[in-house]
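K.L.:
Chain residues, written in single-letter form:
2 protein chains.
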Amino acid sequence: MQYTYAERVNYMANSAIRELLKIAEQPQVISFAGGLPAAELFPLSEIKESYAQVLGAGDPSVLQYGTTEGYLPLREEISAQMRAKGIQTEADNIFLTNGSQQGLDLITKLFINPGDVVLLQNPSYLGAIQTFRSYQANFDTIPTNEAGIDDLALELLIKQNPPKIIYLAPTYQNPTGTTLTLKERKAVLRIASKYGIPIIEDDPYGELRYDDEALPSIRSCSTDNEVIYLGTFSKTLAPGLRLGWIVAEKSLIAKLVVAKQGTDLHTSTLLQRATHYYLTHFNAVEHIKTIRQAYKFRRDYMLTELEENFSDQAIWTKPSGGMFIWLTLPERYDTVNLLPHALAGNVAFVPGAHFFTYNGKYSSMRLNFSNPAPQQIKQGIKLLSTIVAAY
Amino acid sequence: MQYTYAERVNYMANSAIRELLKIAEQPQVISFAGGLPAAELFPLSEIKESYAQVLGAGDPSVLQYGTTEGYLPLREEISAQMRAKGIQTEADNIFLTNGSQQGLDLITKLFINPGDVVLLQNPSYLGAIQTFRSYQANFDTIPTNEAGIDDLALELLIKQNPPKIIYLAPTYQNPTGTTLTLKERKAVLRIASKYGIPIIEDDPYGELRYDDEALPSIRSCSTDNEVIYLGTFSKTLAPGLRLGWIVAEKSLIAKLVVAKQGTDLHTSTLLQRATHYYLTHFNAVEHIKTIRQAYKFRRDYMLTELEENFSDQAIWTKPSGGMFIWLTLPERYDTVNLLPHALAGNVAFVPGAHFFTYNGKYSSMRLNFSNPAPQQIKQGIKLLSTIVAAY
Numbered sequence: 001m002q003y004t005y006a007e008r009v010n011y012m013a014n015s016a017i018r019e020l021l022k023i024a025e026q027p028q029v030i031s032f033a034g035g036l037p038a039a040e041l042f043p044l045s046e047i048k049e050s051y052a053q054v055l056g057a058g059d060p061s062v063l064q065y066g067t068t069e070g071y072l073p074l075r076e077e078i079s080a081q082m083r084a085k086g087i088q089t090e091a092d093n094i095f096l097t098n099g100s101q102q103g104l105d106l107i108t109k110l111f112i113n114p115g116d117v118v119l120l121q122n123p124s125y126l127g128a129i130q131t132f133r134s135y136q137a138n139f140d141t142i143p144t145n146e147a148g149i150d151d152l153a154l155e156l157l158i159k160q161n162p163p164k165i166i167y168l169a170p171t172y173q174n175p176t177g178t179t180l181t182l183k184e185r186k187a188v189l190r191i192a193s194k195y196g197i198p199i200i201e202d203d204p205y206g207e208l209r210y211d212d213e214a215l216p217s218i219r220s221c222s223t224d225n226e227v228i229y230l231g232t233f234s235k236t237l238a239p240g241l242r243l244g245w246i247v248a249e250k251s252l253i254a255k256l257v258v259a260k261q262g263t264d265l266h267t268s269t270l271l272q273r274a275t276h277y278y279l280t281h282f283n284a285v286e287h288i289k290t291i292r293q294a295y296k297f298r299r300d301y302m303l304t305e306l307e308e309n310f311s312d313q314a315i316w317t318k319p320s321g322g323m324f325i326w327l328t329l330p331e332r333y334d335t336v337n338l339l340p341h342a343l344a345g346n347v348a349f350v351p352g353a354h355f356f357t358y359n360g361k362y363s364s365m366r367l368n369f370s371n372p373a374p375q376q377i378k379q380g381i382k383l384l385s386t387i388v389a390a391y
Numbered sequence: 001m002q003y004t005y006a007e008r009v010n011y012m013a014n015s016a017i018r019e020l021l022k023i024a025e026q027p028q029v030i031s032f033a034g035g036l037p038a039a040e041l042f043p044l045s046e047i048k049e050s051y052a053q054v055l056g057a058g059d060p061s062v063l064q065y066g067t068t069e070g071y072l073p074l075r076e077e078i079s080a081q082m083r084a085k086g087i088q089t090e091a092d093n094i095f096l097t098n099g100s101q102q103g104l105d106l107i108t109k110l111f112i113n114p115g116d117v118v119l120l121q122n123p124s125y126l127g128a129i130q131t132f133r134s135y136q137a138n139f140d141t142i143p144t145n146e147a148g149i150d151d152l153a154l155e156l157l158i159k160q161n162p163p164k165i166i167y168l169a170p171t172y173q174n175p176t177g178t179t180l181t182l183k184e185r186k187a188v189l190r191i192a193s194k195y196g197i198p199i200i201e202d203d204p205y206g207e208l209r210y211d212d213e214a215l216p217s218i219r220s221c222s223t224d225n226e227v228i229y230l231g232t233f234s235k236t237l238a239p240g241l242r243l244g245w246i247v248a249e250k251s252l253i254a255k256l257v258v259a260k261q262g263t264d265l266h267t268s269t270l271l272q273r274a275t276h277y278y279l280t281h282f283n284a285v286e287h288i289k290t291i292r293q294a295y296k297f298r299r300d301y302m303l304t305e306l307e308e309n310f311s312d313q314a315i316w317t318k319p320s321g322g323m324f325i326w327l328t329l330p331e332r333y334d335t336v337n338l339l340p341h342a343l344a345g346n347v348a349f350v351p352g353a354h355f356f357t358y359n360g361k362y363s364s365m366r367l368n369f370s371n372p373a374p375q376q377i378k379q380g381i382k383l384l385s386t387i388v389a390a391y
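If you're matching them up, the sequences are chains R and H in order.
Numbering-wise, the first sequence is residues 1 to 391 according to the working numbering.
Numbering-wise, the second sequence is residues 1 to 391 according to the working numbering.
For reference, chain R alone in the conformation it holds in the complex:
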């Protein structure tokens, strides 16, 4: 039998890059390609204890069906943490998801008709582009100039071709590691608000800051419901748990409930209970400090190695947080073609083209510094430099 798929399947990204990057998982390859946290920093014993406690308390409801919006005490805890960051919420504004990727998917399901325009940064997170594409969205990109977001051009664009939604990762963005200034945040918010366009603020990396004080989130600057905020435990606790949350108005939470009902009923009860135990019994703040120290060291290490090996052949971002550096070679390079050479030489990256909806910078690449050990960073950047020079 030959299957006849739905039209949207034509818009779902093929996985050529994923197939290629499976090579990067081989042990001899030094991989800057993944977006993986450092597994050796996961709080294994605390998570073990959390599961042991909730499964050992004699309450079988930890394994029973749960509500779609999520376990109330966990929503209360997250709500308090959001308030501590200046985001005004109650538990009723918090909706639990299977990682923030599911938050993206559900919001797209609720807002995007085929042909609707999503306005986003160029480049943007690959997984977000994939989700929007799967709902047959079209794209516009946020205009920039040397100073950052060009708010005059942005307002003109929105006025002339109003997008259905704006997608932003304002803090230590994947893939570039760059951060929108407070001025840029407020400008986008003002324009979005004026034209009635909701903003998705995707904030997986906000806690991974290495230099400055945290900037206020866009959500914390808003006074209305313009901003739908996405949070996750993937970078601060562990991504293999698959737990994230949405901060939104109650009317939108009610729609999310219906959408998630049809999607997977609810997020794992046991996972939510164990995470609640972890957050209320262990020092998550100290744990995040440990992660910050380790990643800051790796970022500095990679920046130093780049300086030593690439200063005459490339430019790169100097992110003050997150997990990625964005390196741009001279324009004659095409990193999509460079990748097989790099893999043959046992080093991996993600070609920049994959993070653009169009007009990709084909000479850029994304380098991850959170996962490889410092010694691998040293060796890998050296290797990469030799391969680039020989290309």
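In short, the hints are calculated from the structure, not lab data.
We put the CB at the ideal spot given by N, CA and C, even for glycine.
The list that follows gives simulated cross-link-like pairs (lysine-lysine, DSSO-like), each with its CA atoms no further than 27 Å apart: (1) H:Lys-318 with H:Lys-289; (2) R:Lys-22 with R:Lys-382; (3) H:Lys-48 with R:Lys-48; (4) R:Lys-85 with R:Lys-194; (5) R:Lys-22 with H:Lys-250; (6) H:Lys-296 with H:Lys-183; (7) R:Lys-378 with R:Lys-296; (8) R:Lys-250 with H:Lys-22; (9) H:Lys-85 with H:Lys-194.
Here are some chain R residues pointing at chain H (derived, C-beta under 7 Å): (10) Gly-56; (11) Gly-196; (12) Ala-238.
Got chain R sorted already, so can you dock chain H onto it with the hints?
P.N.:
Then chain H, alone, in the frame of chain R:
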């Protein structure tokens, strides 16, 4: 700011019934409304031990990002269990999901364009109807006569108005508890195959059988890729874990990978590792036997109580498995209107109308016997009978 939602939101079921049934969660209410397993039978200590073992083995990759298709050893284990039931599979035919509800959602995402027809049993599982509706499907229902599925009428219907997909829960179906005979299974498969229509075989209750030998699944009767089989650990292990699987051809698995990537990246690594540990270190077969005994007792108990209290005012199904009995009152009754009276009298059910895409039997109701204790069943059925008589 006023949100403008996507068109599909108009087709997402409102949650009036869910709101109403929140009353059923109050402790004084005897609820036959839920679709909940008996929590007191969950293997708490074995699951606790499984999590302790995988989190205590010193391998932090149990908390790391994982592959979208799922943890290979778990796919191998499920594949072996499927083969033991006559379904020819390899690990590459198994795709892990967050419960079988997600399997339904992903398959619908891959197959259904707005306006496409889903052919299903009438009544059918409410959650499946919700999922199909959220993709703006239309519905046709499988024609039946006194002998069951009317295969002549079915073939005519499919010929004249070919559906995009057929959705079947052939074994101890939710909501009626009824089972398709082998003859019916083969008839639907033959016709679907002839006209090139894929079948979704949803099998959450197959293991919960109390009388007969198991009938072959439709998938096990098929020689081509006509049948996409959905399995789940929700009824045999625990629903609060949220773990299910899809059995499908490799070409479809590849599409599912892309669809799930955009939806939530992958199913929890830790959950998959712990479930794999459970399946390979504890006697899951013995555990299922314990569940069967308890539920068989409750089913028999409910049937006896129905006989004693309803024999002059209703008819009902006598399911040989699953979790539900379908009770039909004389036609003058409308169970949607009856429900508030029942709730006021501290007993709950789900009105039958919710399980129909149209032409609902408004005098039917779904009664769950797996969750309430026998004493509650006795008391609740008596209560319900009094309320019905007084209505």
